[in-house]
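**Student:** Chains A and B are the protein sequences, given in the same order.
Residue numbers for the first sequence follow my numbering, beginning at 1 and rising by one.
Residue numbers for the second sequence follow my numbering, beginning at 354 and rising by one.
Hints are supplied without guarantee of correctness; some may be wrong.
To be verified - Which stretches of chain A does chain B cover? Using the computed rule of at least three CB atoms under 8 Å from a CB of chain B, they are:
hint	region
1	52-62
2	67-81
3	322-329
Honestly, the hints are just simulated from the structure, not real lab data.
Since the structure is predicted, the reported quantities are computational estimates derived from the model, not experimental observations.
For glycine and all other residues, C-beta sits at the position ideal for the given N, C-alpha and C.
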Amino acid sequence: MSSSTTAAPRVPALRAKDDRVARKSLATRILSRPEIGSLIGAIAVFVLFCVVAPTFRAAPSLATVAYSASTIGIMAVAVALLMIGGEFDLSAGVVVTTSALAASTFAFQLGLNLWVGVVLALALALGVGAFNGWLLMRTGLPSFLITLGTFFMLQGLNLGVTKLLTGGVSSDSVADMDGFAGAQAVFASTLKVGGVGIKITVLWWILFVVIATWVLLRTRVGNWIFAVGGDDAAARAVGVPVRKTKIGLFMTVGFAGWFVGMHQLFSFDSIQSGGGVGQEFIYIIAAVVGGCLLTGGYGSAIGSAVGALIFGMTSLGIVYAGWDANWFKLFLGVMLLLATIVNLLVKNQAAKR
Amino acid sequence: MIRSRKTAVAVFVATAALALSGCSSSGGAQKDDTSSDGGGNVASTPRVKIAMVTHAAPGDTFWDIVRAGAEAAAKKDNVDLNYQGAPEAADQVNLVQSAIDSKVAGIAVTMAKADAVTPVIKSASDAGIPVTVLNAGGVDAWKATGAIGYFGSDENVAGQAVGTRLSGEGAKKVLCVIQEQGNVALDARCAGIKTTFSGSVENIFVTGTDMPSVQQTITSKLQQDPAIDRVVTLGAPFALTAVKSVADAGSSAVVATFDTNKELVAAVQSGDVEFAIDQQPYLQGYLAVDALWLNINNGNTIGGGSATLTGPAFIDKTNIDRVAEFAAKGTR
Numbered sequence: 001m002s003s004s005t006t007a008a009p010r011v012p013a014l015r016a017k018d019d020r021v022a023r024k025s026l027a028t029r030i031l032s033r034p035e036i037g038s039l040i041g042a043i044a045v046f047v048l049f050c051v052v053a054p055t056f057r058a059a060p061s062l063a064t065v066a067y068s069a070s071t072i073g074i075m076a077v078a079v080a081l082l083m084i085g086g087e088f089d090l091s092a093g094v095v096v097t098t099s100a101l102a103a104s105t106f107a108f109q110l111g112l113n114l115w116v117g118v119v120l121a122l123a124l125a126l127g128v129g130a131f132n133g134w135l136l137m138r139t140g141l142p143s144f145l146i147t148l149g150t151f152f153m154l155q156g157l158n159l160g161v162t163k164l165l166t167g168g169v170s171s172d173s174v175a176d177m178d179g180f181a182g183a184q185a186v187f188a189s190t191l192k193v194g195g196v197g198i199k200i201t202v203l204w205w206i207l208f209v210v211i212a213t214w215v216l217l218r219t220r221v222g223n224w225i226f227a228v229g230g231d232d233a234a235a236r237a238v239g240v241p242v243r244k245t246k247i248g249l250f251m252t253v254g255f256a257g258w259f260v261g262m263h264q265l266f267s268f269d270s271i272q273s274g275g276g277v278g279q280e281f282i283y284i285i286a287a288v289v290g291g292c293l294l295t296g297g298y299g300s301a302i303g304s305a306v307g308a309l310i311f312g313m314t315s316l317g318i319v320y321a322g323w324d325a326n327w328f329k330l331f332l333g334v335m336l337l338l339a340t341i342v343n344l345l346v347k348n349q350a351a352k353r
Numbered sequence: 354m355i356r357s358r359k360t361a362v363a364v365f366v367a368t369a370a371l372a373l374s375g376c377s378s379s380g381g382a383q384k385d386d387t388s389s390d391g392g393g394n395v396a397s398t399p400r401v402k403i404a405m406v407t408h409a410a411p412g413d414t415f416w417d418i419v420r421a422g423a424e425a426a427a428k429k430d431n432v433d434l435n436y437q438g439a440p441e442a443a444d445q446v447n448l449v450q451s452a453i454d455s456k457v458a459g460i461a462v463t464m465a466k467a468d469a470v471t472p473v474i475k476s477a478s479d480a481g482i483p484v485t486v487l488n489a490g491g492v493d494a495w496k497a498t499g500a501i502g503y504f505g506s507d508e509n510v511a512g513q514a515v516g517t518r519l520s521g522e523g524a525k526k527v528l529c530v531i532q533e534q535g536n537v538a539l540d541a542r543c544a545g546i547k548t549t550f551s552g553s554v555e556n557i558f559v560t561g562t563d564m565p566s567v568q569q570t571i572t573s574k575l576q577q578d579p580a581i582d583r584v585v586t587l588g589a590p591f592a593l594t595a596v597k598s599v600a601d602a603g604s605s606a607v608v609a610t611f612d613t614n615k616e617l618v619a620a621v622q623s624g625d626v627e628f629a630i631d632q633q634p635y636l637q638g639y640l641a642v643d644a645l646w647l648n649i650n651n652g653n654t655i656g657g658g659s660a661t662l663t664g665p666a667f668i669d670k671t672n673i674d675r676v677a678e679f680a681a682k683g684t685r
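Extracted from the complex, chain B is given alone in its bound form (with noise of 0.2 Å):
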């Protein structure tokens, strides 16, 4: 009875939850999901639009978190946040091109593909709007195209920091797992690893988007060569499935990745996953756009001309506790 009346509302809830999805997810942009930040006074400044516009692919546990900390930081500055992503660099140009024509106060834009957006971000200069740029791929480039400010990392330091570790702990054999063929920022992060680390350093390729030959790839390399005695992935979900793919080869190897999410907070605390090394994202996406907030309030520049670093930050036993309290709220 009580069963059947279970299904009969589990059925009824999920149509409905199908139905109201369906209407928000096909009308493109989609709206914003109001996460817990923080603060509840906002500021007495004139309410203004700034746009961001990133190259994120839909669907990344990445991005989501870049995002909570732009809306955070819109939300507490009276800013009127649009946030756009599309991958295909020519996409993501005539997004900041619109951005530009309909007047926006300030624009915040990545620059995965830095030689592709560069002269959309000067004439977006030219036209006097403010540009932040976050996250990777322009910590050089970005000082050519007058923007005020670089909030992000560098992949290659932070592989360096990655490959310091490594080496003190006494590796001797690292396989970096990489799951985008031809992903500027992954490479570089393989190619940090190796310029610090003292053992060998072993590229392998993966498909991203299938877990199941994630691992088997994985565990074949580990079969294959059994001196590997440090996995490192460049994404969480891919160091969860590494854990399992070392059980499945006997191997001994030690997991460690780049990036965090929830379930990866818990590999941590369980000692599956020795550590991740974070950019923390939502700096990024928080600093990017109140960096704007303070350039058009106040005339303010955040870094001298510099990059303002937003990592590398170690996450292992020793802070894991703090972390997961913030990555179960999606802010880490």
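This is chain A alone, in the form it adopts within the complex (with noise of 0.2 Å):
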């Protein structure tokens, strides 16, 4: 009718309304967080075994939960940074091994001071790391398929290699060599603060988050691994290093895994050459839980984190309950999928607002 006349003075008022400029309420920008659901089935789980489980409220517990939590959450959160830049790395639980396997070798074999293998190692697993991002961009094949095609080749190398030069099947002890005891202060000692012991790992592991969300929100880099994982041709067009980017990502996860490795062989002295298999997809369940998406483009380092925390109160919650153990994994499901539902509505809340 007389739309001409009235939708022109519409118009500013229209733009102050803007959704994609306008400044939307606090709860609702905390809400739309991609970890904040995850939050609070962190929560949710936690006051829930601590219902349930005496013991679980006790320092030395609490500890013991963030040790676990550590050592899933150091993987996770280089994993979650590679998802949020849409690719998957299906060799990041045999990496761990690989390298910890190729640190202890190396020196053992040689009789080296061990911080020569520690070096190679990290050599090691960045190489890998490369490899897969390399290959993954010359080739366009998936991640999913490159990444298992590693994940093989080191577990073949694992049991080769660790054959032929111990003729066993896990690495000596290097407990009595030349640099154990630095190695093992720095990857594997034990802190006390007031009596609770506390493993390294977990000062480490929150390091790590910080810097790795400090990087994503606050970097140039950051802003090309969420776009590298939106769209790849789209970042590519206005000129985000697509290629440095993905395979930085790959080296990242390398680096975590060394990490983890380098842990595991100060901590137990000597490797066994299988270990690892399996532990990729909990890494990745962790980067998921804390809200990672699996398309790519969408997550945090926090929430890997909090889904790393989540994965290691359920899993020895269940412990400190007293449940019976045939039933462990049954609950250790449940759990997870109702920690993922709270996380579900709570970002559903946030959409609706």
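Reassemble the complex: the two chains are provided individually, in unrelated frames, and hints are given to aid placement.
**Tutor:** Pasting the structure below:
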């Protein structure tokens, strides 16, 4: 009708309310963070076990839970970054064993200081990551397939090399070699805080999560990661170095694998060559429970930490609660599902606002 | 200078080693690694082919020792041994079938999944190929297959021996750590402990492929239940981890285990692990091959129609020094 006359004054009003730039309320902004749903899920799990398991509340028990979460979480934060970047790494579990075996075998066989082994293992782990990333960019195959190949190759290498050099299937104990004490202090020591033993991995984990969060939210590299995970063709078109970013993300996973591998080596002295298989899914689960999307482009580093915490609390909480061990995996599955559903409900609530 | 040259050498040797092993591990069945085994003389009987098919997963210390025993017997008996392992029953059946098809002189096989492998063992016996059964799982089932002998242990009997020993020590509560959910043999060990132990036994499941979580789970259980005074693990590597859990939890529980390896021997010597119960895997591999050789060349059978048990044998402070010598060579 008389739309032409009424439309003109309405435009500025509309612009002021443009939802692309409108400031959302604080509650909405908090609720729409990727990790918030899982955080509420984590609180629910924590309260539940505090109620049903008296020993769960004790400080030493919480330290054990934190340790458990940290060994998953250090990997999960790297895996989360990779998933935000739109890729998977199925070799993340065995690369831990590969680096631990490499460090101990190099040093043991050649009688070198253990730190030499540690550095060589780092180079190897980063190399595996770089190889994954390079092959991905070179072939354009799904990362699921490429890293599945690496997963099997590393498994074979772990066993084959160990068998060849030691004649057995586990690496020789390195507990009496030069550099062990120092490396143990860095990777696998226990700090006494008020009579409670806190594993040093917990502190490293917190540090890695803080760094990853800062990179994601405050740096250009963080924007690149979100961009390549959302749509890498579009990202490339606007000048994001897609190749570098993705290879870098795979190398980050390699670095985390190396770190956890060193922790295992210096806390258990000798490494079983068949270890690490199946762990890759735990890391992916922690990242997804923490709000990462399987499709990439969305997620957070803190979320992966919360996911790891939920996993650690649940797997040990069931033990602290003294529930029948035969049903352990069922309880674990139910708890994870509940935590994820709480996550979803919160997210939907946020979307409605 | 020296340091950097050393590093350069290290990198070179490592690369070479990686390259070499890359070749051998990708070739499927791995080449024999000759371990130091007894006897310089080789039997004068004609050279025959024997196949050994186990349910071993690659990378298990236990099966390494079984294989070392089998290789030793094969060397002494002038036998051409073809060792294969497949954890999946269907794959194991196929391997036995292909041994039958290639007309080997004898077959040594494990029966972890007895129902699945019984028919193929029967068809081997029907084809006139002598079969021996080794290790665990088939302690009763083997008789129905026409096999000529059984060399292994009865997991339940081994568990009972542990239960009796712990009762004698005055233990009150045992934690039995199972590293693989749904494994019949592991379950039978804990069940055996339960039948003879005077106190209470509780089972706990851990993820065997993830050592930190094994340590964390045992620690949390010890924190939850301070009454636990014995931790029994079902594999040597887990015993060493349990020792760390006990320290973490500030518990006074004593650790004992099934099966041994090199590191465990040291732990028994130092007193960290009280005892290990051994089913003598070397003997299982050795006897399974040797019995076939005796049967082929002299018509003998071992065991008189009953199972020949290779365990349980305890390894503790009283005999550890003798065992340590052999364990270092990978034969105990």
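**Student:** Evaluate each hint against the coordinates.
**Tutor:** Going down the list of hints, with the structure as the test:
Against chain B, the region 52-62 of chain A contributes 5 residues with a C-beta closer than 8 Å to a partner C-beta. That satisfies the three-residue criterion, and the hint holds. Here the region 67-81 of chain A counts 3 residues with a CB under 8 Å from a CB of chain B, which clears the bar of 3, and the coverage holds. Requiring three or more residues with a Cβ within less than 8 Å of a Cβ of chain B, the coverage given for the region 322-329 of chain A holds, as 5 such residues are present.
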